[in-house]
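Q: Top line first, the protein sequences correspond to chains X and B.
Numbering of the first sequence is given in this note's numbering, commencing with residue 1 and proceeding in unit increments.
Numbering of the second sequence is given in this note's numbering, commencing with residue 1001 and proceeding in unit increments.
Just so you know, the hints here were simulated from the structure itself, not pulled from any lab data.
For every residue, glycine included, the Cβ atom is placed at its ideal position computed from N, Cα and C.
Please note that a few of the clues may not be correct.
Claimed, not checked - Residues of chain B clear of chain X, computed beta-carbon distances all greater than 10 Å:
id, residue
1, Lys-1006
2, Leu-1021
3, Gln-1022
4, Gly-1026
5, Leu-1029
6, Asn-1032
7, Thr-1059
8, Pro-1099
9, Glu-1122
10, Pro-1127
11, Ile-1129
12, Tyr-1142
13, Ala-1148
14, Ala-1177
Stated by the list, open to error - Capping the alpha-carbon separation at 30 Å, the derived lysine-lysine pairs in BS3-like fashion look like this:
id, chain 1, residue 1, chain 2, residue 2
15, X, Lys-65, B, Lys-1006
16, X, Lys-527, X, Lys-466
17, X, Lys-527, X, Lys-353
18, X, Lys-475, X, Lys-202
19, X, Lys-202, X, Lys-353
20, B, Lys-1144, X, Lys-142
Unchecked claim - Partner residues are not named here, just some residues of chain X that face chain B (Cβ under 7 Å, in silico):
id, residue
21, Gly-68
22, Phe-69
23, Ala-70
24, Phe-71
25, Leu-126
26, Leu-129
27, Pro-132
28, Arg-467
29, Asp-468
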Amino acid sequence: MEYQVITDEVTVQSTFFDSDRLCDIQSIDMESFSVETKDSEWLSSWNDWSELRVLPIQCSAPLPKTIGFAFPESTLWNANTLGTEPTERVIQDSTAPRETWSKNAPTKRITRIRPPGDLVRLEDRLYYLLQPPLETIVQSAKLVFPFTPFPYQMEGIAFLFSRAAAVLADEMGLGKTMQAITTIRMLLLSNELSHVLLICPKPLVTNWVREFRQWAPEIPLAVIEGDSHKRQWIWTNPQAPVKIANYELLMRDRELIDDGQLEFDLVVLDEAQRIKNRNSTTSEIVRSIPRSRSWALTGTPIENSVEDLVSIFEFLSPGYLRDDMHHKSLCQATRDYVLRRTKDKVLTDMPPKLFREADLDLSAEQRLSYRAAEEEGVVHLAELGESITIQHVFELVLRLKQICNFDPTTGTSSKLERLEADLEEVAASGQKAIIFSQWVETLDILARRLDRYHPLQYHGRIASNKRDGVIERFKSDPKCKVILMSYGAGAVGLNLQFCHYVFLFDRWWNPAIEDQAINRAHRLGVKQPVTVTRMMSVDTIEQRIHDVLEEKRQLFNSLFADNAAPRNLGLSQKEIFGLFGLSIPTAKNQKAA
Amino acid sequence: MESSKKNANTIGFLTVRKHELQGYVGGLLVLNELARPLEFHCTLPIQTTRSQQILYGPTLDGFVAGEQIARSLMLKPRSQPVIYFTDTLAALSSRHVDPQLIAAVEGAWSGASSALPHPKAESCDIPCIAVGGYRFMVMPNYEKDLEAVARIVEPLLGASIDLIEPFSRIEEALMEAHPATRAA
Chain X
1 MEYQVITDEV
11 TVQSTFFDSD
21 RLCDIQSIDM
31 ESFSVETKDS
41 EWLSSWNDWS
51 ELRVLPIQCS
61 APLPKTIGFA
71 FPESTLWNAN
81 TLGTEPTERV
91 IQDSTAPRET
101 WSKNAPTKRI
111 TRIRPPGDLV
121 RLEDRLYYLL
131 QPPLETIVQS
141 AKLVFPFTPF
151 PYQMEGIAFL
161 FSRAAAVLAD
171 EMGLGKTMQA
181 ITTIRMLLLS
191 NELSHVLLIC
201 PKPLVTNWVR
211 EFRQWAPEIP
221 LAVIEGDSHK
231 RQWIWTNPQA
241 PVKIANYELL
251 MRDRELIDDG
261 QLEFDLVVLD
271 EAQRIKNRNS
281 TTSEIVRSIP
291 RSRSWALTGT
301 PIENSVEDLV
311 SIFEFLSPGY
321 LRDDMHHKSL
331 CQATRDYVLR
341 RTKDKVLTDM
351 PPKLFREADL
361 DLSAEQRLSY
371 RAAEEEGVVH
381 LAELGESITI
391 QHVFELVLRL
401 KQICNFDPTT
411 GTSSKLERLE
421 ADLEEVAASG
431 QKAIIFSQWV
441 ETLDILARRL
451 DRYHPLQYHG
461 RIASNKRDGV
471 IERFKSDPKC
481 KVILMSYGAG
491 AVGLNLQFCH
501 YVFLFDRWWN
511 PAIEDQAINR
521 AHRLGVKQPV
531 TVTRMMSVDT
541 IEQRIHDVLE
551 EKRQLFNSLF
561 ADNAAPRNLG
571 LSQKEIFGLF
581 GLSIPTAKNQ
591 KAA
Chain B
1001 MESSKKNANT
1011 IGFLTVRKHE
1021 LQGYVGGLLV
1031 LNELARPLEF
1041 HCTLPIQTTR
1051 SQQILYGPTL
1061 DGFVAGEQIA
1071 RSLMLKPRSQ
1081 PVIYFTDTLA
1091 ALSSRHVDPQ
1101 LIAAVEGAWS
1111 GASSALPHPK
1121 AESCDIPCIA
1131 VGGYRFMVMP
1141 NYEKDLEAVA
1151 RIVEPLLGAS
1161 IDLIEPFSRI
1171 EEALMEAHPA
1181 TRAA
């Protein structure tokens, strides 16, 4: 018999020691090498030592191979210079029993950061995957918030945190500003960012400053303004990690931007639909800013056509999308980059929007004027023959829409009559109302006719440095029951959630702009349902446009919903001519609006 | 053996997963006192041999999870954690071959997937201590470790560090590093 036992190897084996027999062995005494088994026949054959051979069996193995990564540690997290008061949210009571983690107990809410799909390196993906839940970061860094963020807002922050290219396309009023600011704050603290540029429309600069003060008071800001010397100094000032510029100003400072001296870790575009025309100078300048990360904030990534979204992506990731991409491919390609939530999905306990369709007949005087204008206009268009352009049609549309507001000769208006009746009720109940129109002239007339409600005006003719004062007075002056706003000036960035009545005196071409206007009042913090009265003159051009608007609304919904069918995009030239039963004079079929 | 210094501000979270097809895989996450990741190490999936299964019998999990996987992972950190927490009872066996302090934390992340049992004080006869809302277990014959565990854990609880949540991060990181274990 031949056997040996060494430290890591047992060197006993025989030809009979096959795997089928192993299960029969009861025990092996390694000292005496006696084998007990129930199988006597097999055991007798075991005694035929002449066939015994010795083979090595490896019992232990070298230590397993490992892979590992080390991550940078930011000292800023430990500095604890952010605030002294803990956040309202109680993340965890360390003295409480650990039941929340047991399998049968409900789990506490945690929001995890996920790596984006386009991040390839395992090390980079693990860096984000291994970050603590946002709630832990908030608590451990003692971040102070003015109020506890909603869970969907934490998810939005987690979404932005790891992304180099992202579109936060939440519906207006869900707090895109707060989500962007808080993410910037966390990224600054973790040393992932040090130079941030935020670009927004000029009227919203003060709003952003205010929001930064509220949500990230410790972050030094620099608003780019003043004469060219001052602006140059601010652009290059390293002291402020966050700089705020407006779109209008970029044009003036183009030389400085093109110079290549400026470089940002992150560029955020607020109201990113401003670059929907990729050939515009603003879009070109924005795209030329050197940066590592690019975020776009917009409630309306598609205002007219998918080309709007493609243009935004030219800023985020040039060449990633194409205009001719199939609808399904576009949905798939953008899925990991676009986060869009709507109020009805995430704020189920938010007071609803109540729509009232005020479909009104024109007054007798308006009807006479309208018919005359339409007949004359259509005849004129027909006479133009092949020389007719889209501009001619637009002129007629606008003229007819104005008659739907007020009769040009007598000034009568069925809309105004209805509005006055409604406003009496609104004022009597101590409430305030916002009235939107596309024309400043209409707002002027309304201001005169609604004088008893001390209306305030907020539109393009009000100097931008006076606009904050207008809003402040509307909030605080109990006599001011009405604010008159143009869609252009009042559609974005304002918080008027104390107002529970919105009137759309006339309709905009684009439902997304109307939604933005309505959401000045219907946003976070609103305490009551918001009643939206949409005024429309029946059997007029307004009704025909309404049908087209509805189709555009469906387009938007289709792109951001799963399994959506492709839609006819935009308001085509054919459709605009079709408003008057006309056909296009040439074969050219271009997008017009 | 790679040498590294103990760092009182870092703690290690160590887990070993056992999957029917892929075998054993281990992960180690080193965190700072704010629960931010400093290092992550994981093993390649390893399979036991038939002879190991026979000869180690019921102690096989302890051998592979503790003496092989946990030991190899504990050699890796640049800055040695002051303590290792594990959610895998079998990983405590590393104490036989490595002097570093390791304690099993009772409880488990609800999404954990492994054929290895999670620590439960009631169902096993090993030294246990309750500190704050947690219960910790150490290897038999190393009862003295419990005092050290209590001494280290108390300040951590003051900082409100969650001692279970990091295991969920390791689980996801292992699935990311070894996608085959995702389906298991």
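Q: All hints, please: hold or fail.
A: These are the hints, each one checked on the structure:
1. Lys-1006: Its Cβ never comes within 10 Å of chain X, the nearest being 17 Å, so this holds.
2. Leu-1021: holds (17 Å)
3. Gln-1022: Non-interface label on B/Gln-1022 holds, nearest chain X Cβ at 13 Å vs cutoff 10 Å.
4. Gly-1026: Given a closest Cβ separation of 7 Å, the condition is violated.
5. Leu-1029: Given a closest Cβ separation of 6 Å, the condition is violated.
6. Asn-1032: violated (6 Å)
7. Thr-1059: Holds, since 12 Å exceeds 10 Å.
8. Pro-1099: holds (16 Å)
9. Glu-1122: holds (12 Å)
10. Pro-1127: holds (19 Å)
11. Ile-1129: At about 14 Å from chain X, B/Ile-1129 clears the 10 Å cut-off, so the statement holds.
12. Tyr-1142: holds (21 Å)
13. Ala-1148: holds (20 Å)
14. Ala-1177: The claim breaks: B/Ala-1177 does not keep its Cβ more than 10 Å from every Cβ of chain X (closest is about 6 Å).
15. X/Lys-65 - B/Lys-1006: Holds. X/Lys-65 to B/Lys-1006 sits at ~23 Å (cutoff 30 Å).
16. X/Lys-527 - X/Lys-466: holds (28 Å)
17. X/Lys-527 - X/Lys-353: holds (12 Å)
18. X/Lys-475 - X/Lys-202: holds (22 Å)
19. X/Lys-202 - X/Lys-353: holds (29 Å)
20. B/Lys-1144 - X/Lys-142: Given pair B/Lys-1144, X/Lys-142 is violated - Cα atoms ~36 Å apart, limit 30 Å.
21. Gly-68: holds (4 Å)
22. Phe-69: holds (5 Å)
23. Ala-70: The hint holds - X/Ala-70 has a Cβ within 7 Å of chain B, the shortest such distance being about 5 Å.
24. Phe-71: With a minimum Cβ separation of about 5 Å from chain B (threshold 7 Å), the hint on X/Phe-71 holds.
25. Leu-126: Constraint on X/Leu-126 satisfied, holds at 5 Å.
26. Leu-129: OK, holds: X/Leu-129 within 7 Å of chain B, min 5 Å.
27. Pro-132: holds (4 Å)
28. Arg-467: Interface hint status for X/Arg-467: violated (43 Å vs cutoff 7 Å).
29. Asp-468: Interface hint status for X/Asp-468: violated (39 Å vs cutoff 7 Å).
This entry does not satisfy hints 4, 5, 6, 14, 20, 28, 29, going by the numbered hints stated previously.
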